Each structure stands twice: as structure tokens, then as C-alpha cells.
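Peer 1: These are the residues of each chain, in order.
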Amino acid sequence: MDDILIPGQALSRVMPMHLVLSSDGTILHSGETVSKLFSLAGMSGKSFFDHFKVRRPQGVTTVADIIATKGTKLHLVLRNARQTTLKAVGVQLDGNGGVLLNMSFGISVVDAIRDYDLTISDFAATDLAVEMLYLLEAKSAAMMESRKLNTRLQGAMVAAEEQAFTDTLTGLKNRRAMDHVLARFVEAEEEFGLMQVDLDYFKRVNDTLGHAAGDRVLLEVARILSDETRNDDLVARVGGDEFVLIFHRLTDIDILNEIAARIIQRLEVPIPFNGGQCLISASIGTTVSSQYKALDADKILSDADLALYASKHKGRACYTVFSEDLLPNQKAG
Amino acid sequence: MHGLINRSLECFLSDTYGNDIWRDVAKRAGLGFDRFESMFEYDDALTYAVLEAASKTLSKPRETLLEDLGTYLVSTPKVESLRRLLRFGGETFLEFLHSLDDLQDRAKLAVPDLILPKLTLLGGVETGDFRLLCEGPPKGFGWVMMGLLRAMADDYGALAILENQGDAECCEEISITLVESSFADGRDFDLASPMGAGT
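If you read the sequences in order, they're chains A and B. So for the first sequence, the working numbering puts the first residue at 36; every next one is plus one. So for the second sequence, the working numbering puts the first residue at 160; every next one is plus one.
Since the hints were made in silico from the structure, they are not lab data. Remember, predicted model here, so these are calculated numbers, not experimental data. Every residue, glycine too, gets a C-beta built ideally from N, C-alpha and C. It cannot be assumed that every hint is accurate.
[Unchecked claim] Chain B residues, not near chain A, derived (Cβ > 10 Å throughout): (1) R187; (2) L190; (3) E196; (4) R221; (5) S240; (6) G249; (7) L253; (8) I274; (9) G283; (10) Q324; (11) D326; (12) D344.
[Unchecked claim] The calculated DSS-like cross-link candidates involving lysine-lysine, where the alpha carbons are at most 25 Å apart (straight line), are: (13) K237/B - K219/B; (14) K122/A - K88/A; (15) K277/B - K298/B; (16) K219/B - K174/A; (17) K174/A - K277/B; (18) K186/B - K215/B; (19) K108/A - K122/A; (20) K277/B - K267/B; (21) K108/A - K174/A; (22) K267/B - K183/A; (23) K298/B - K186/B; (24) K219/B - K267/B; (25) K174/A - K237/B; (26) K237/B - K183/A; (27) K122/A - K105/A.
[Stated by the list, open to error] A partial selection of chain B residues facing chain A, derived with a Cβ cut-off under 7 Å: (28) S197; (29) M198; (30) D202; (31) F247; (32) S258; (33) A269; (34) V270; (35) L321; (36) L350; (37) A351.
Modelling step: build the complete structure from the supplied sequences, incorporating the hints.
Peer 2: As C-alpha cells, then:
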């Protein structure tokens, strides 16, 4: 192929990041953008290897070495505080044994534009660097929007979950939440006491004074049950007038009985409503994790239920702790 | 219509006229919510309903609102990112005008499901007179481009006269007369992102 003669200025236009080196490594000509990389105005007359280190391939320390690379990609590092990395390709120029080296920033372009204050016109019109910067910024902006959306969706999810575990009337936990907590305690073999609390005479309040009175009573019950339990305990409304209390790390029967007695006592205090009074009480059945060899959520709940019905049987307004002799097949006549 | 377009419209209305006006508009348009998500896709009818409602609530023609939206997108400090992305189009307003042909593809590159109208720049060979053709939905986008180009000319410090030629058969058309490419100083544009690399 014929040799092509290009005026230096035209070469700069096409390759603003080029260097022409003489055979001893002296810089004969440099593109304008290369000059921007150094605080010195011109690069001419300086030694290439004083300012650049060829990192790959290793062992390239002379112009002859560059020629020997036969145009494979070179990895360069600027010998300055920024240690900017560059990609380059070098080809031999005829006659004097010099080379033409064309460089680009590659991925380091993001830092380079900041470090050297580069503008669009510092890049060749065909260089994709500006497009890459555009894309980087556009994608970051899009990613930011997505991240904001994710944060909002996560907030909404937490709120929805919270709602799904809450009894809307009383603000207590609901059956789902109770099942969840009980399953977790059983799984982790935690120690706990569990109470089934069933309101007595609640239906009468509802029937005679109306649902508004019933709701008022339920709110008061919720307040009392929350009062009589600790923050770590669970209070759930699992049915119309049924509640389950789970006491974390509390298996002392005496203490649980005291709590049960106090709950009944407080629930029996008349609840004022519309000038009248609502009178209720409660029956309670209790069981504790320590009386089981292997924990089983269903069994624990049904045992507490058995104890509860024993209380109802005894004439309501009392509490019973589950024991084996409450089981139907243990009842001997 | 893409959430980004809807959300832009929402931000424009609430930033310019206040949150209460925006909520009135949202209600009047029958949205059933008062916040568009940028990364969701919405029925086109919602966007046109919002425009219609805003036009009635504010007693301003749709075209004026769209043009103001275009100006807002480039000039409000709140969405600096769009101005920056547009400035990547070129070093001068003239280069920027020539980059408009690529706007549709550039938008797609950033957000694959964001469909903008196809823009074609004609003229400008001997004089500074151009015609910008704006093809395809969203309807009225030519007016947004009017406001956007006007603000971008300011941004570059160029002096340009714009006129919306209205709807032709296939597309909307804007005539652009570039009087002076560097009329004023314009705003700075630093290639390096102010937010830091890759954030």
C-alpha cells in the first residue's frame, strides 16, 4: 500500500491523543489532549519513557521494544500523582525508526475528565468516550429512580405486612401473627407460657347494648390485656371474643395464675358505655412449654383450649392450668 | 405512556403551581393517586387526562403548558440530570441541534422502554434556518420541544428564534432560526458528573 502523508495538525484532529517518538524515545509531536495530561504546555523534546511506563506487555522500555509489539495493545501508566492508565497502540514510522503511538483512556476516562478538565472537543469526533460518559450518567439516573422506587415499595410492603398481622379494631395482633410467633417459638424451642382467654357474657353485651358497646368492650379488653403483659409478650385477638396471650420465657405456673386472676378481676370492673354499664368476665386456660417433651403448636393450642373449657365448666370467671387428666381419654368416668 | 414522562408532567405542575394545584389536577383527571412512578408504564389516556385537567384548572391552553414543561425540564435545578444528558449532544448549540436526530435512540439507550418521537433536523446548509420534524406520539410533543429548545439555546448562550408550525399531515414541525451561535455566555457544562463517577 502507498504511504500516506498527513500534516501534523490534521493528525491531531483525527488523533488528539497521539505521540510521535523518535527512535531514542524523544517526543517529536503530540496531540493537544496529550498535552493536557501534563501541566507542561508542550511535550516536544521530552522523553516518552520519563513520563509513561509501559505496564503490559512487560519489559517494553525502548522504542525498539514498542516496534517489536507489532501493534498489539499496550497498557500505559502516567508517571504522575494521578497514575492515570491509558491504552495505546504503536506502529513503526518509515525511515527514521520512530513510532506513532495512539492512545485512549479506556475505562479510566471517568476519572480523567475530572482530573484533567477535559471537554467534548478534547476527544476525537469518532471517539466513543463521550457516548460512554453519557450512558454512564443516564444509567445512573435511571438506576437512582429505580432505587427510589424500591425503597418506597419496601416501605409499602412492611406497612402491608404490619397490617396483615394486626387486628384492625383493637390494634392487637391477629391470628396470623399468633400462629407465626407460636411457630417460631416452637421451632426455636423457646420457653413460654400460653393462655387462651375467652370473654364471658360478651354476647349478652352485644345483643342487649349493640355492636358499638361490644366494640367499646373489646377496646377496653385490649387495653387491660396489654397492661397485664410485657412488651415481649404477644397479645392476639384470634376470634370475636377470643384472645391468646403468649408469655416469652415465662413458665412459672404461680406467676401465670396470678396474672390470670388479675386479668379476670380487672375485666369484671364494669365498663361504662353511653350512660350504662357493660358487665363481662373471662375464662382462661393456661399451658406452659416446659410440660412437653417435644413442642407442637397445635397440641399446645388445643391443650390450652381444653383448660379453658374446664374453666367454663367450673362456672366461668376462673382459670385452669392444663394437665394430662383433662385429656378426654384420661377421664375415667 | 412512560412513567418518566408522566412524572415530569407531575413535577412540573407541582413545582410551578404548588402541590395543592397538582392534587386538584390529579383529582380532576380521575387518576385515583397523586404520584406517578418514574419506572412504571401508564395508559396513554391518563397523560392526556392530566393535561386536559391542568389546562382547565389553570385556564391555560394545553400548548402553553407543554411549552412551559419543556422549558422547566431543562432549566429547573431539580432535574439538572436531563440538561446534562442533553448537553452531551454537542459542544455548541449547532452541534446539539444536529444531535437531535439521535435523541430517540439516546433515550432508548438509557431507558429501553422510553419511547420518544422521532426527530429529524432539516435545512441549515447555507443559512441558519432549520426545520425540526417531530414524528409520532406523544401528541403535542412538538410544543415540549419548543420550550426545551428555547431553554437549551439559553443554556448554550445561543440566540435562536423558534416557531411552532403546527401539525402537518405526518408530524409536528418547528422552524428554528439560529441567529448567533455564541450570543451570550451560557451555562457551564463540565463533562465530569457533579454527582461523582458512577453514582
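Peer 1: Looking back at the hints listed earlier, which ones does the structure fail to meet?
Peer 2: 3, 5, 6, 16, 21, 24, 30, 32 and 35
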